[in-house]
Amino acid sequence: MTTTVSASGLTLRFGGTRALDDVSLRLGRGVTGLLGPNGAGKTTLLRVLATAVPADRGAFTVLGHDPATARGRQELRRNLGYLPQTPGFHPDFTPFEFVDYVAILKELTDRAARHREVRRVLAETDLDDVRGRRIKKLSGGMRQRVALAAALVGDPGFLVLDEPTVGLDPEQRMRFREVIARAGEDRTVLLSTHQTEDVAMLCNRVLVMAGGRIRFAGTPAELTARAAGRVWSSSGRDPGAKAGWRTGTGAFRNVGDPPPGADLLEPTLEDGYLLTLDGELAEVTA
Amino acid sequence: MSWHVAEEDLRAYARGELQPPLLWSADTHLAGCAECRAVLASAWEPGALETAWARLDAELDAPRPRPFERLLLRLGVPDHTARLLAATPVLRRSWLTAVVLVLAMSVLTARAGHSTTLFLALTPLLPLAGVALSYGPVADPTYEMTVVSPLHGFRLLMIRTVAVLTAALALTGLAGLALPGFGLGAFAWLLPALALTATGLALTPRLGPVAAPALAGGGWVVLLLLAEAARNPGDHALAPFTAAGQGVAAGVAALAAGLLFLTRDRFDQSTGGVR
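Protein sequences, first through last, are from chains A and B. Each residue of the first sequence is one higher than the one before, counting from 223 in our numbering. Each residue of the second sequence is one higher than the one before, counting from 11 in our numbering.
Isolated chain B, as found in the complex (with noise of 0.2 angstroms):
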C-alpha cells in the first residue's frame, strides 16, 4: 500500500462519522490494507470498532455510485440525497442536453436578430418544463410507492425542485452570459422562471401535475403574444421583461409559493385513478 487512511478519518470512521466520499475510500482501503485493520481495532473501545467493521461489512459489496452520484457526492450532497436526486427523472442527459440546445439556438438567435426576447421567452419554460417532469404518475415511474413511503411528499418535491432549478438556471445563466452586449437584461428571465414554477406547483393539487404546468406555461405564452401585441414602436422591451414586468413576476413569484406551502400535504396522497 503506498498510502494509509489518516488517524483522525479512522478515527471519526470509529465513530460511524466519516462522510462520502471519504467514507467510501476508507471503506474499500480498509478491505485490503491489514495495517489500517490494525490500527482501527487497536485505538478504540470494543462497541466502536464492531460498529465500524459492521459499516465495513455493509460497504464491502455495495456497488460504486455512478457519476451523477459521485458528483453530488464531491459537492457535499448527503448519500441519501444523491440517491434520491439519481432517481429524478428528468435530471438525466437527454434532458439536460435538450435544454443545452434549447438555449444555445435561442442565443444564437438572439446574436444574430440583434434581440432577447425569443431567448427571455422561452428561457422561464424550461425550468418549468423541468420541475413538471420530475415529479408525478406520468414522469416518476416510481410514483406510486414513493407516495405511500413515509418521506413527505412534499419534501421530496422541493428535493427535487431544488435540484432541477438549480440545474436549469445554471445553464440558463451560463447562455445569458453569452449576451453580453445586451447587458442585466439578458438576465430578465430569471424572476419570470421563478414564478412560472412557483405558480404550476401551486396548481398541481387543484389541477394535476400535466394541466397545472400546462395553464402556467400557457398563460406565459398569451401575456407575451399580449405584451407584443400593445408593445409601442418605442419600446425597446416586452412589457414582461421590464422593470414593472419584474416587479409583479417577483410579487407572482412570493404569492405562488406561499400557496404552495399551505398547500404542500396535498403533495401527500396520489392523483391518479385506478379500479
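The following block holds chain A by itself, in its conformation from the complex (with noise of 0.2 angstroms):
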C-alpha cells in the first residue's frame, strides 16, 4: 500500500476529556471506514486530518503536506474534499448555487472553468434534475448529495466524509455508495459510519475506534476473521456471550466465547467489530 496519509501520536483534550489518545495511522488510495460508538473520537479525528481543529500533540501529513506550516496546510485545504457531520447550508441557495459558493472557497475564481467544474460535480452526484430547485426544498438525502458534490469540487485527493449515510433510506444509501466507491478508485477516502454494511459493501480497509484510540487497523476480512469459531447459536439466552440477542428466526445469536458443543455461526464484520470494542458491549447486550 502506498501511503497517502500517515499519522502519528495525535492526541486533543477537550476539558477534561481525550477525545484522541495517540492515535497513529496509515491510509492508503481506496476507501478506509472508521467504524466506533458514539463517542468514540471519530468525528474528532476526521476534524483533525481536515485541518478543522489541530491536534495537542502529535502530527500528521497528506498526500506529503504537513499542516504544521501555514503553506503545508494550505495546500493539504487545497487537496481536500470534506462533508462535515451535519453539513451546513445556505437554504436560500439551489445546489448549483452552493457547489459554486464553495468551489469559490476552493480558489476557482474563472467562471467558466468553475461553472464546468460545478457542473461535473452535480452530475456525478445524481443531482443534475434539482440543481436549480432551493436547498431548503430538497430531501435529505438530497441535501446529502450536495454536501458530497460540495466535496468533490475541485477534484481533491483525500476526501474526508464524516457519516454520510445517516438518515438515508435503502436506495439513497444504495446511491451513495456508488458514488464513493467511484471516488474511491482513484482518491484516499476516509468514511467515518455507524453502519457496518457500508464498511463491507465499500471499504478496502476498516479502522475502529473506541474511548479515543484505534482498536483495529487491517481489512474488513481480518475484522470478521476476529469473529471466527466466536459466533454461536442458542435457543435461550447465553449468559456467558458478551453480546447475544433473538434474531428473526427466534433463536439468540450469541457473540464471545462459545461454550463447548456450541452451533458456531459463521461470523460477520459486525461480530468482529462487537468483540473489538469487547468492554464496551454492554450497551449492544439485549
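Simulated from the structure, these hints should not be mistaken for laboratory data. Source: prediction; values computed, not measured. Glycine residues also receive a C-beta, built at the ideal position from the N, C-alpha and C atoms. Take these hints with a grain of salt, some might be off.
[Stated by the list, open to error] The following residues of chain B were derived to be distant from chain A, with all beta-carbon distances above 12 angstroms:
#1 H39
#2 V220
#3 A224
[To be verified] Covered stretches of chain B, as calculated for chain A (at least 3 residues, CB under 8 angstroms):
#4 88–96
#5 158–164
#6 202–215
[As the list claims (entries may be wrong)] Some chain A residues near chain B, calculated using beta-carbon distances under 8 angstroms:
#7 E319
#8 I326
#9 K328
#10 T469
#11 T471
Mind assembling these two chains? They're in different frames, but the hints should get you there.
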C-alpha cells in the first residue's frame, strides 16, 4: 500500500476528556471505513485530519503536505474534500449556487471553468435535475448529495466523509455508496459510519475507534475473522455471551466465547466489530 | 434580433476578458443569435474560439444571479466575491431592516428630545453586531466547510467585514443626515464604531466569536454609563463624543486593527468542539 495519509501520536483534549489518545494511522488509496460507538472520537479524528481543529500533540501529513506550516496546511486544503457530520447550507441557495460557492472557497475563481466543474460534480452525484431548486425544499438524502458534491469539487485527492449515509433510506444509501466507491477508485477516502454494511460493501480497509484510540486497523475480512469460532446460536439467551440478541428465526445469536459443543455460525463484520469493542459491549446486549 | 454584441466586446469575450454583467449579456445573446456566433467564429484563432465556446457552454445553464448579487456586479464587484457576499448570513433583508428600524427610532428620539446621545450610543453597536453575525460557527451554517477551504479565513472575514461595515456605515450616515441641527456632532459615532468593530474582531481569536463582540459591546455600554455619571451640568456631549474621546477611539481602532493583523492566522481554524 502506498501511504497517502500518515499520522502519529495525535492527541486532543476537550476539557478533561481525551477525545484523541495517541492515535497513529496510515491510509492509502481506496475507501477506509472508520467504525466506532458514539463518543469514540471519530468526528474529532476527521476534523483534525481535515485541519478544522489542530491536535494538542502529534503530527500528520496528507499527500505529503504537513499542516503544521501555513503553506503545508493550504496545500493540504487544496487537496481536501470534506463532508462534515452536520453539513450546513445557505438554505436559499440552489445546489448549483451552493456548490459554486464552495468552488470559490476552493479558489476556482474563473467563472467558466468553475461552472464546468460545478456541473461535473452535480452530474456525478445525480443532482442535475434539482440543481435549480432551493436547498431548503430538497429531501435529506438530496441535501447529503449536495454536501457530497461540494466535497468533490476540485477533484481532491483526500476525501473525508463524516457519517454521509446517516438518515438515508436504503435506496439513497445504495446510490451514495456508488458515488463513494467511484470516488475511491483514484483517491484516498476516509469514511466515518455507524453502518457496518457500509464498510462491508465499500471499504478495502477499516479502522475501529473507541475511547479516543484506534482498536483495530486492517481489512474488513481481517475484522470479520476476529469473530471466527466466536459466534454461535442458542435457543435461549446465553449468559456467557458478550453480546446476544434474538433473531428473526426466534433463535439467539451470541458473540463471545462459546461453550463446548455450541452451534457455531458464520461470523459477520459486525460480529468482529462487536468483539473488538469488547469492554463497551454492555450497551449492545439485548 | 434588434441588437448585437459590439465587436470589441466579442473580442474581449473570445479572449476570456469580458466581465459581468456584460459577459452575461453576451452569453445570453450568443445563445440565441447566429449572426453574432458567426462573427465570433470567423474573427479569431481556434484556441481562443474553443475557449469562448467552452465558456458559452458552461454559461448556458448557469442560474441567473439573484438581485443582491446583480447589484454587487453592477457596482463592479467580481462575480466570485459577489457570491461570497451573497452567502454572508447577515447581509440579508431581515438584518438590514432591523438596522433601518433601530436607526429610524433613534433619529426620531434625537429629534424629539433635542439630543443625539441615544443615537450616538446605539449606532456604533450596529456594525459591531453585523460583523459578529457575519462569521463564525454560530452565524455561518457553512462555517466548518469554510474553515477547511484553502481560501484564507482572514481574507474571507475581511471581505465580509468590509461589506457589512459599508452597509451599516452607509445607512448610519444617511441617518446622520436626518439630524442636520446637530452638525458634525451627529457623526461622532463613526470612530467609536470602527474602534468597537476592530476590538471585537481582535479579541475573537482569544475569546471566540460570541464572547469577543459581546465584551466589546458591553464595555462600550459601561463606558457610556461611567461618562454619564461623570458628566458635568454644562457639558454638551458625553466624553466619548468630544474631540478628546474621538482621539481615543481612533487610537483604539488603530491598535485593535494592528492586533487583528498580527493574529490573522488564528482565523484559519475552527473554535468549535465536537467529539
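Status of each hint after checking the structure:
1. H39: Non-interface label on H39 of chain B holds, nearest chain A Cβ at 16 angstroms vs cutoff 12 angstroms.
2. V220: 17 angstroms, holds
3. A224: 22 angstroms, holds
4. 88–96: holds (count 6)
5. 158–164: That given contact holds, which follows from 5 residues of the region 158–164 of chain B lying within Cβ reach (below 8 angstroms) of chain A.
6. 202–215: violated (count 0)
7. E319: 6 angstroms, holds
8. I326: Nearest chain B Cβ about 5 angstroms off; hint holds.
9. K328: The hint holds - K328 of chain A has a Cβ within 8 angstroms of chain B, the shortest such distance being about 6 angstroms.
10. T469: 32 angstroms, violated
11. T471: 37 angstroms, violated
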